[in-house]
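Those sequence lines, one after another, are chains L and X. Going by the numbering used here, the first residue of the first sequence is number 1, and it counts up by one from there. Going by the numbering used here, the first residue of the second sequence is number 1, and it counts up by one from there.
One or more hints might be untrue.
Which copy? The list can't say, so a pair holds if one copy fits it or any two copies do.
Said to hold, decoys possible - In the BS3-like style, the derived pairs of lysine-lysine whose C-alpha atoms are separated by at most 30 Å in a straight line are: (1) K198 - K14; (2) K131 - K198; (3) K94 - K14; (4) K173 - K198; (5) K24 - K173; (6) K198 - K99; (7) K24 - K161; (8) K186 - K24; (9) K14 - K175; (10) K24 - K162; (11) K162 - K198; (12) K14 - K182; (13) K190 - K14; (14) K14 - K161; (15) K14 - K24; (16) K24 - K190; (17) K198 - K24; (18) K14 - K173.
By construction, these hints were calculated from the structure, which means they are not laboratory data.
Number of protein chains: 2
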Amino acid sequence: MILSLDLNMERLEKQIEFIVEIDKLKHVYRQTVLMDRSRNENDAEHSWHLSMLALLLSEYANEENLNLLQVIKMILIHDLVEIDAGDTFVYDDKGYEDKRAREEAAAERIFRILPEDQSEEIYELWEEFEKRETAEARFASAVDRLQPLLHNYYTKGHAWKKHGITSEMVLDKNKTIAEGSKDLWKFAQKIVHNAVEKGYLEK
Amino acid sequence: MILSLDLNMERLEKQIEFIVEIDKLKHVYRQTVLMDRSRNENDAEHSWHLSMLALLLSEYANEENLNLLQVIKMILIHDLVEIDAGDTFVYDDKGYEDKRAREEAAAERIFRILPEDQSEEIYELWEEFEKRETAEARFASAVDRLQPLLHNYYTKGHAWKKHGITSEMVLDKNKTIAEGSKDLWKFAQKIVHNAVEKGYLEK
Numbered sequence: 001m002i003l004s005l006d007l008n009m010e011r012l013e014k015q016i017e018f019i020v021e022i023d024k025l026k027h028v029y030r031q032t033v034l035m036d037r038s039r040n041e042n043d044a045e046h047s048w049h050l051s052m053l054a055l056l057l058s059e060y061a062n063e064e065n066l067n068l069l070q071v072i073k074m075i076l077i078h079d080l081v082e083i084d085a086g087d088t089f090v091y092d093d094k095g096y097e098d099k100r101a102r103e104e105a106a107a108e109r110i111f112r113i114l115p116e117d118q119s120e121e122i123y124e125l126w127e128e129f130e131k132r133e134t135a136e137a138r139f140a141s142a143v144d145r146l147q148p149l150l151h152n153y154y155t156k157g158h159a160w161k162k163h164g165i166t167s168e169m170v171l172d173k174n175k176t177i178a179e180g181s182k183d184l185w186k187f188a189q190k191i192v193h194n195a196v197e198k199g200y201l202e203k
Numbered sequence: 001m002i003l004s005l006d007l008n009m010e011r012l013e014k015q016i017e018f019i020v021e022i023d024k025l026k027h028v029y030r031q032t033v034l035m036d037r038s039r040n041e042n043d044a045e046h047s048w049h050l051s052m053l054a055l056l057l058s059e060y061a062n063e064e065n066l067n068l069l070q071v072i073k074m075i076l077i078h079d080l081v082e083i084d085a086g087d088t089f090v091y092d093d094k095g096y097e098d099k100r101a102r103e104e105a106a107a108e109r110i111f112r113i114l115p116e117d118q119s120e121e122i123y124e125l126w127e128e129f130e131k132r133e134t135a136e137a138r139f140a141s142a143v144d145r146l147q148p149l150l151h152n153y154y155t156k157g158h159a160w161k162k163h164g165i166t167s168e169m170v171l172d173k174n175k176t177i178a179e180g181s182k183d184l185w186k187f188a189q190k191i192v193h194n195a196v197e198k199g200y201l202e203k
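Okay, chain L solo, but in the shape it has when bound (with noise of 0.2 Å):
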């Protein structure tokens, strides 16, 4: 070594541990494709693409002054149980009946990489963004149902025709959008109703 670090090194190198560890993020594919059509999204894009959504909406939450940072984290690190538990598609019914376990393994195994306060501070926000108890919580998963909606839509209904997905089912799936923006719900019925119209998804 060239160097003598004064810093704590077995701290950053579990920091650099995992963050190499969570390049697989990458590689975890959804049902959704880009607007393209080209080829299916990947969890890391999909979490820069609602963070997006979160900083250009946060206007439309129910809640007034937002703490934005927090949504922004619940968002960053929402997906990331899915390197081991993989993605699970919001209208497969069986896939959810063991998704909880599934996901917990994964949390342990994954957050237990960083250093011990790190991994409280992630595991929190994890369980923060699935209970949805929070106005911050309620927000982050208003924009990952709507963001899906916006990507089949803008892309004639390419994953919902390609499962048969009605109507029904969207907004049946969808309907706690409202739990974090009245506005965003709204605006979600109407791409519902224009997708029917236009032929994109089954009444």
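Fit chain X to the given chain L structure using the hints.
Only chain X this time, still in chain L's reference frame:
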């Protein structure tokens, strides 16, 4: 329309148009390859990964009380101009000659899709990042330099070897890391040293 929307649809439509447009960042490929060397990394994934570095490594910033939300906002938007301007490899001195002009034109087209207040906000974030005059911009820029270093190191010098990069060039191009974080710069130098030792990087 089934719903009478009392929200400002003109504003929301501009925001959605922008959100759809920036999906193209997922198609802008960088020189860096993923940790498993299976393919090049794209800008959207890179922006997500950098945000995670910022979230986990802010304790190493030179300045205390960093506004982490500001750091992450800059990171999320810093590569949007590359949708039009393309990625300029950090060691491509010729590409850097007209980089600013290409990116200015891109910012003008892309950011202007947004409502004016948000267009201004994104432009100011981008300017702040580029100028590196604030503590937040210096730290955001530091992680933007550190992440490709990690990718190069853990892929045994993939992009370095491909482009005939030497350790002197790496140290010169990345020394601004020290302006954001002296600690991370020490760590980066250690990586460069180890990379030379292991034959990943020419001396």
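A quick look at each hint next to the structure:
1. K198 - K14: between (51 Å within a copy, 21 Å between copies)
2. K131 - K198: Neither: 35 Å inside a copy, 46 Å across copies.
3. K94 - K14: For K94 and K14, neither the intra-copy (36 Å) nor the inter-copy (38 Å) Cα distance is at most 30 Å.
4. K173 - K198: within (21 Å within a copy, 52 Å between copies)
5. K24 - K173: Both, since 28 Å and 27 Å are each at most 30 Å.
6. K198 - K99: neither (34 Å within a copy, 42 Å between copies)
7. K24 - K161: both (29 Å within a copy, 23 Å between copies)
8. K186 - K24: between (35 Å within a copy, 26 Å between copies)
9. K14 - K175: Between. Shortest inter-copy distance 24 Å satisfies the 30 Å Cα cut-off; intra-copy 40 Å does not.
10. K24 - K162: both (26 Å within a copy, 23 Å between copies)
11. K162 - K198: within (16 Å within a copy, 48 Å between copies)
12. K14 - K182: between (41 Å within a copy, 19 Å between copies)
13. K190 - K14: between (47 Å within a copy, 16 Å between copies)
14. K14 - K161: Between. Shortest inter-copy distance 27 Å satisfies the 30 Å Cα cut-off; intra-copy 44 Å does not.
15. K14 - K24: within (17 Å within a copy, 33 Å between copies)
16. K24 - K190: This pair counts as between: shortest inter-copy Cα distance 24 Å, intra-copy 36 Å.
17. K198 - K24: between (37 Å within a copy, 24 Å between copies)
18. K14 - K173: For K14 and K173, only the inter-copy Cα distance (26 Å) is at most 30 Å; the intra-copy one is 38 Å.
Of the hints listed earlier, those the structure fails to meet are numbers 2, 3, 6, in rising order.
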